[in-house]
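Peer 1: Chains as they are written, first to last, in the numbering used here: chain S, 105 to 692; chain A, 46 to 257.
Calculated directly from the structure, the hints in this document are not laboratory data. Ideal Cβ positions, reconstructed from N, Cα and C, are used throughout, including at glycine. Take every hint as true, because none was put in to throw you off.
Covered stretches of chain A, as calculated for chain S (at least 3 residues, CB under 8 Å):
id : segment
1  : 122-134
2  : 194-206
3  : 209-220
4  : 235-249
Listed below are the simulated PhoX-like cross-link pairs for lysine-lysine, each with C-alpha atoms no more than 25 Å apart in a straight line:
id : chain 1 : residue 1 : chain 2 : residue 2
5  : S       : K194      : A       : K145
6  : S       : K465      : S       : K231
7  : S       : K194      : S       : K231
8  : S       : K194      : A       : K108
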Amino acid sequence: MGLTLPVATDNTHPHPAAVPAAPHVRRQDIYDAIVVGTGISGGWAAKELTEKGLNTLVLERGGPVVAGESYQTEHLPPWEAAFRGRGNRKRWAEDYPMQSQAGPFNEYTAHWYVNDRQHPYTMGRGKFLWIRGYHVGGRSIMWGRQSYRWSDLDFEANAKEGVEIDWPIRYADIAPWYDYVEEHAGISGEALGLSQLPDSRFLPPMPQNVVERHVRAAIEQNFPGRTMTIGRSAVLTQNHKGRAACHYCGPCDRGCTPGSYFSSISSTLPAAQATGRMTLRPNSIVHSLIYDEATDRVRGVRVIDRETKEEIEFRGRLVFLCASALASTHILLNTRTPRFPNGLANGSGTLGHYLMDHHFKVGARANFDGYEDRYYFGHRPNGIYVPRFRNLDARSQSDFLRGYGYQGGAGREGWGRGAASAGFGKDLKERLRQPGPWRMSLTAFGEVLPRYDNFCELDATVTDEWGIPALRIHGSLGPNEEAMRIDMAAAAAEMLDAAGGQNIQQYTAPYALGEGIHEMGTARMGRDPRTSVLNGWNQAHEVPNLFVTDGACMTSAACVNPSLTYMALTARAVDYAVDQIRRGALRV
Amino acid sequence: MTPARTSSQSVPSGRKPLDHIDRREALRRVGFLIGGAVSAPTVSALLAGCSGRTSSSGPYAFKVLSPDQAELVATLVDLIIPDTDTPGARSAGAHEFIDKMLADWLPDAERDRFLAGLAGVEARATTAHGMDFIALSEAQQVALLTELDTEAYADAENRPASDPPFFRSLKELTLAGYYTSEIGASQELLWMAWPGRYDSDVPVSDVGRAWA
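Next comes chain S alone, as it looks inside the complex (with noise of 0.2 Å):
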């Protein structure tokens, strides 16, 4: 492959290879790109970079990660599993201790979770949950594939509520992107027409059981305006592009050799390395970026070898943070310039700033009566989703600002439920051989707001194994968050009530910020490079071959899962500055 790219000649841009290496350390050949990260976003970046002609560095901290040979745990019985599925209490408990804290984090799906010990974060106010996975493929192998699409109440909600700073964008400019990545990952679901929550291109949908049928007549009867759908998920309700439609054994996150799922091993990745124009290089701990205070590039990233701690200096003439949000502000508040001493780009002051999540672990439960001769055959990776219906217009107003969606499902209970009360023997037996009681859950993930006080910062005194400072993580939810999980615990038993739900229970759980998995914002996209980190297109406004397209840019959360965005927004800013090199308005 020769070279894709126009090379700058005049001297303000000089040739990256122009900018010396520090003498103790290797010097790598130059790419067109280099992308951090191989997860959801760091696998659109490949691709897209790729499949335009450049060139392209692919750097994963962790280690490879190959399609079957790596799920070792796939379809792997409980009677395999050394504690049958409740997992090594002990080990968790001196090496995951807050990794395991993480609903997906169980026996089979641990090996995909980070050593607490080895990958250290500090808390300050507040408790923050960073979960993570190291390794080719990041979480997209562990994700809960949910794939929404946000909308104008999305984007618009800063601007009109005089919460923090407007979007620089709007859903007509994202739309077209969510119809690229959608027709490539694959996402099943039901068309419903609402504006609050635009359709993607659907694969079929999942069908909803019985039970969740009931309820959902219920909740349209009841309420006005409200629905229940299927979760729109990005699992394969057919053959889609050479990977095989689900065989619903059920829990994904252990890995799908067929790829029935989208995951940056199954989707991405496969594309980005038919094109034969990716490095993919594991075992990279980026450590900072190598920033060129003359011409205001970067000109690549400094790594260290996760295995033998080597210093290697790779050059590139374009960079795509897509680490997730928290290790891309950690990459850039580590590359610290005589223009820019507390982190690149970082002019603004804001980076690190505007933490979000979703919060959640606050619903409602209930038993339905009347369905006891029905049951399902195979297991769904996939529940129920009911869409935000609060503060649409003047009619849904409430006392806290924004929104919630529910996610949730009906089932039978199982064998579980047998030592809840008393029995013993042949009968217990014969009780526990059939389905329990149907049993509907409706748990609610609701937006949270932009805030300046939760934030990540280095922490000076804790350094890893590699010499990278740790991270100290401030999070915590405000009031407008705690206003709306009254209402989400009220709401949900509301609708299970006017389905005639029996034993009705309301719960609230503590939460901790990070928990969702869905960490957003640090380093926020705006049109004021004086409040923000990011532009339109996920360019920083002040070092314009840098992208950050994951997590990091969000300027407000929505209340929908984030990872479909992160693919919109990945694949749109791939093809503005590729755009932007090769018509010669972005030297490079």
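Based on the hints, put chain A in the right spot on chain S.
Peer 2: Frame of chain S; chain A shown alone:
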């Protein structure tokens, strides 16, 4: 030959759930479908799973329970989940699972409380009948467990969750050990690595038993 089977006889839609042989075929089809994306060693590894990929050799070596205690626990778990048309909890090794939980999983305080609970069962047997629990007739054993069961759930609301009655803890561990065993999950209940499809509404009789 019987007449054509009705829908109550098999899983719905006339489609058969994948048994192990079908699963092999399905996996081969997958390998073909996504041609080359799954390496031959991967397919072999997955197929190995069809016939059980690990086999623990030799008898289980108890780590916490003494031989007498192990025999007592084996007797208790089999009273809770006995042999019927499928093997019960003893055959499924639920007592071995409990020993492993005591040794490697439960906090020391909970382990000690469990062992004290076992001693309490023996004390009741001795007080009532002057014999070890395992020496009692099955009717006597059932009567004694009925007492424990009734007491355990009688004051359930007033008991702190941190201090569950022994019999409830025993029952929880027994059910966990049994229904996650190969016998409990795949013979007593329904466990499938590769259902192959999702039907959202089928008669219970078509599935036959609860999903494991």
